Amino acid sequence: GDSVTQMEGPVTLSEEAFLTINCTYTATGYPSLFWYVQYPGEGLQLLLKATKADDKGSNKGFEATYRKETTSFHLEKGSVQVSDSAVYFCALRQGGSEKLVFGKGTKLTVNP
Amino acid sequence: EADIYQTPRYLVIGTGKKITLECSQTMGHDKMYWYQQDPGMELHLIHYSYGVNSTEKGDLSSESTVSRIRTEHFPLTLESARPSHTSQYLCASSKTEVNSPLHFGNGTRLTVT
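Chains as they are written, first to last, in the working numbering: chain W, 1 to 112; chain G, 1 to 113.
So here's chain G without its partners, still in its complex pose (with noise of 0.2 Å):
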């Protein structure tokens, strides 16, 4: 049962357009993540928020963008899609003690055309 749920779960959409992918938690959670995984399996870290108000970049550089407005929510938004954006994105949260795990939703599978 999960509880950090991501939508939608599959997308396709034309290149251009502006798309939004959802992600939320019912944990508390202050910690938040947005991870892209290649088709290839390997996990990159894109973005990661400590609590409310926090945004940060991860290590692999990805013209989407982010924003935290409530605890709960942690919504990626890319503004304008294009082939190489197609990819798996999952988003994971965690408590802030030091070295809590992560906890995963089931991804979205976005698609670009």
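This is chain W alone, in the form it adopts within the complex (with noise of 0.2 Å):
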């Protein structure tokens, strides 16, 4: 069946540091790709999104790229703040299908 892998975490970095969190899938066809962050005590947010190959989708400095060839969509930001401290998850959705399947998540900390 269809899965994403994420890097796992924790991952620390320093402000202003730059961040990529690796995530890969397996599915058959061409899946819509998604990045959610979780704050602390909090539900999931949308961060950004990608439907189709080559497609990039950004948000709050954010960017991630939907490459089919290596059926990959990492998360990048160049800068990263504290307030982006957060658990960030990647998820796949197939055409049709009402299941979001997501990764195990990466949990993120941003020190001053």
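No wet-lab data here; the hints were simulated from the structure.
The model shown is predicted, which means the values in this text are computed figures rather than measured ones.
Ranges of calculated distance between the beta carbons of each label pair, as one might list FRET restraints:
1) W/G61 <-> G/K95: 18 to 28 Å
2) G/T55 <-> W/A17: 37 to 47 Å
3) G/K95 <-> W/A53: 21 to 31 Å
4) W/S58 <-> G/K95: 17 to 27 Å
5) W/K56 <-> G/S100: 12 to 22 Å
6) W/S85 <-> G/G40: 10 to 20 Å
7) W/S85 <-> G/T55: 33 to 43 Å
8) W/G1 <-> G/T55: 14 to 24 Å
9) G/S80 <-> W/D54: 49 to 59 Å
10) G/T77 <-> W/D54: 39 to 49 Å
11) W/S79 <-> G/E63: 40 to 50 Å
12) G/R70 <-> W/S79: 43 to 53 Å
Derived pair list, reagent style DSSO-like, types lysine-lysine, alpha-carbon separation capped at 27 Å:
13) W/K99 <-> G/K31
14) G/K95 <-> W/K52
15) G/K95 <-> G/K57
16) W/K68 <-> G/K95
17) W/K104 <-> G/K31
18) G/K57 <-> W/K99
19) G/K31 <-> G/K57
20) W/K60 <-> W/K104
21) W/K56 <-> W/K68
22) G/K57 <-> W/K104
23) W/K104 <-> G/K95
24) W/K60 <-> W/K77
25) W/K52 <-> W/K104
26) W/K104 <-> W/K77
27) W/K60 <-> G/K95
28) G/K31 <-> W/K52
29) W/K99 <-> G/K95
30) W/K107 <-> W/K68
31) W/K77 <-> W/K107
32) W/K56 <-> G/K95
33) W/K60 <-> W/K107
Every residue gets a Cβ at the ideal spot worked out from N, C-alpha and C, and that includes glycine.
Reconstruct the complex from the two isolated chains, following the hints.
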């Protein structure tokens, strides 16, 4: 079945450092890909998405590019802030499926 | 700002009690979901609904039940809570369109003693 693999955390960075969280997927066809963020004590929020190959999703300085050749959707940010500390989830959804398949989440802590 | 509301935010109850976790959304979404999030953060789909009078079981077997009598309301019920039910429960909704993103509530953190 479909699956998502994220780099294991936790990840700890200093403020203004460059962030990469790796995400690869296994799926048939052409799923849509998503990054969600969960701040402490809250539910998940959609951070960005891409619906077809070579699409780049971006939001709040975060970016991810849908790479079908490497089945990847890595999350990047050029300069992280303390307020970016959260858990980040990569996810996919097949066309016509009700299910959003999540990775296991990567906890990011940014220190001042 | 949340368009999907879950109550209560926190609940501590004793074993054997019946509980209902409430979820309401104001976006007019037909599809709604319940996810269980374990302490290791992993998310498991336990129930979903295509619309009124539709309920389906998800990937993770759950002793909970759901109902969908109104579009905006998707409550989850545990008839007899056990310590193994201790978890965070997240409700979500989405549009009908293929590959629409899910919108999540802030969750209910349930502790069964």
